[in-house]
Amino acid sequence: MSMNALTILAVAAEEQPPALSVALAVEDFAPTLLAFAGFLLLAPSALGRIGAVLMGAGGASKSTWKLLHAAWSIEVDWLDDLLFPLLAAGGLLLALSLHQSLRWWRWPLLLIGAGVATLAVQARSVQPAFIFATVIVIWISVLGTIRAWKHGNALAAGLFPVSVLAVIVLVPLRGHAASDALAFQWVQQGMNTMAQGIFFVAALLTYRAVKGKGQDFSDADTVTTDAGQQWPSGEYSTYDGSRRWDPSRGGERYESQGGRRRRL
Numbered sequence: 001m002s003m004n005a006l007t008i009l010a011v012a013a014e015e016q017p018p019a020l021s022v023a024l025a026v027e028d029f030a031p032t033l034l035a036f037a038g039f040l041l042l043a044p045s046a047l048g049r050i051g052a053v054l055m056g057a058g059g060a061s062k063s064t065w066k067l068l069h070a071a072w073s074i075e076v077d078w079l080d081d082l083l084f085p086l087l088a089a090g091g092l093l094l095a096l097s098l099h100q101s102l103r104w105w106r107w108p109l110l111l112i113g114a115g116v117a118t119l120a121v122q123a124r125s126v127q128p129a130f131i132f133a134t135v136i137v138i139w140i141s142v143l144g145t146i147r148a149w150k151h152g153n154a155l156a157a158g159l160f161p162v163s164v165l166a167v168i169v170l171v172p173l174r175g176h177a178a179s180d181a182l183a184f185q186w187v188q189q190g191m192n193t194m195a196q197g198i199f200f201v202a203a204l205l206t207y208r209a210v211k212g213k214g215q216d217f218s219d220a221d222t223v224t225t226d227a228g229q230q231w232p233s234g235e236y237s238t239y240d241g242s243r244r245w246d247p248s249r250g251g252e253r254y255e256s257q258g259g260r261r262r263r264l
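According to my numbering, the sequence shown is numbered sequentially starting from 1.
Every clue listed holds true.
DEER-style ranges, computed between Cβ atoms:
(1) Phe-184 to Ser-73: 17 to 25 Å
(2) Phe-184 to Pro-161: 23 to 31 Å
(3) Ala-154 to Ser-73: 43 to 51 Å
(4) Arg-174 to Val-142: 20 to 28 Å
(5) Val-76 to Val-121: 16 to 24 Å
(6) His-176 to Lys-150: 37 to 45 Å
Calculated from the structure, these hints are not laboratory results.
For clarity, every value in this text was computed on a predicted model and none was experimentally measured.
For glycine and all other residues, C-beta sits at the position ideal for the given N, C-alpha and C.
Model the full structure from these sequences, guided by the hints.
Below, the structure written as C-alpha cells:
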C-alpha cells in the first residue's frame with residue numbers, strides 16, 4: 001500500500017511543471033528594463049512618458065511576482081494580474097502621444113480604449129486588457145517604424161518589425177508540449193530578451209535621429225520648409241488654389257493652376 005502511494009506521488013511529481021528558478025526570475029527583469037527604456041525613448045511628450053512608466057510598472061510587477069515565487073514561494077497574485085491592465089493603459093497613452101506627434105487622428109484609440117476598459121470591468125476579467133495590450137504594443141512598433149523612416153533612419157525602421165516578429169515567434173513556443181520544462185523556459189526567455197533588445201536599439205536610433213537634427217523631440221515632427229515656414233501651421237495648412245505670391249512675405253514664388261501650385 002505504501003509502495004503504491006509512493007509510486008503515485010513520484011508520477012505526480014514528474015507531471016508537475018518544474019519550479020521557476022531564481023536565476024530565470026532575475027533574468028526576467030532584463031527584457032522588462034529594455035522594453036521600458038525603449039518605450040521611454042520613443043515617447044514624444046510627457047503623456048507618452050507617463051504611458052511608458054505605466055508599461056514599465058506592468059512588466060516590473062510581473063517580474064517581481066516571479067522572483068517572489070521562485071525565491072521565497074510567496075504568491076502575490078495581484079502583482080501578476082497587474083501586467084496586462086498596466087500595459088494596456090500605458091500603451092494607450094503612448095500611442096495617443098505618438099498619434100499627436102504624427103498629426104494623426106486620436107479619437108479611434110480613445111473610443112477603443114474606453115470600450116476595452118468597460119468590457120473588462122463588466123466581465124471582471126483581464127482577457128480584454130490582454131488582447132488590447134498585445135495589439136497596442138504592436139501598433140506602437142508600427143508608429144515607431146513610421147517615425148524612424150520619417151527622420152531618415154532606415155535601420156531603426158527595419159528593426160521595429162523584426163522585434164515584433166521575434167515576439168510573435170514566442171506564441172507557438174509557449175504552446176509547445178515541452179513549454180513547462182525549465183530549459184525550454186530559458187529558450188523563451190532568451191528570445192524575449194532578444195526581441196526587447198532589438199526594440200530598444202530601434203527606439204534609441206530613432207531618438208538619436210530626431211535629436212541629431214537639433215530639434216526638440218516633442219516638436220520634431222513639425223517640418224520646416226525651405227521658405228522658413230513650418231508645416232502644419234494655421235496659415236499654410238490648407239490651400240484653396242487662389243493664393244498667389246506676396247512679395248512682402250518673401251519665400252518662393254508660386255501661381256495658381258487649377259487648384260494646384262506651380263513654382264515660378
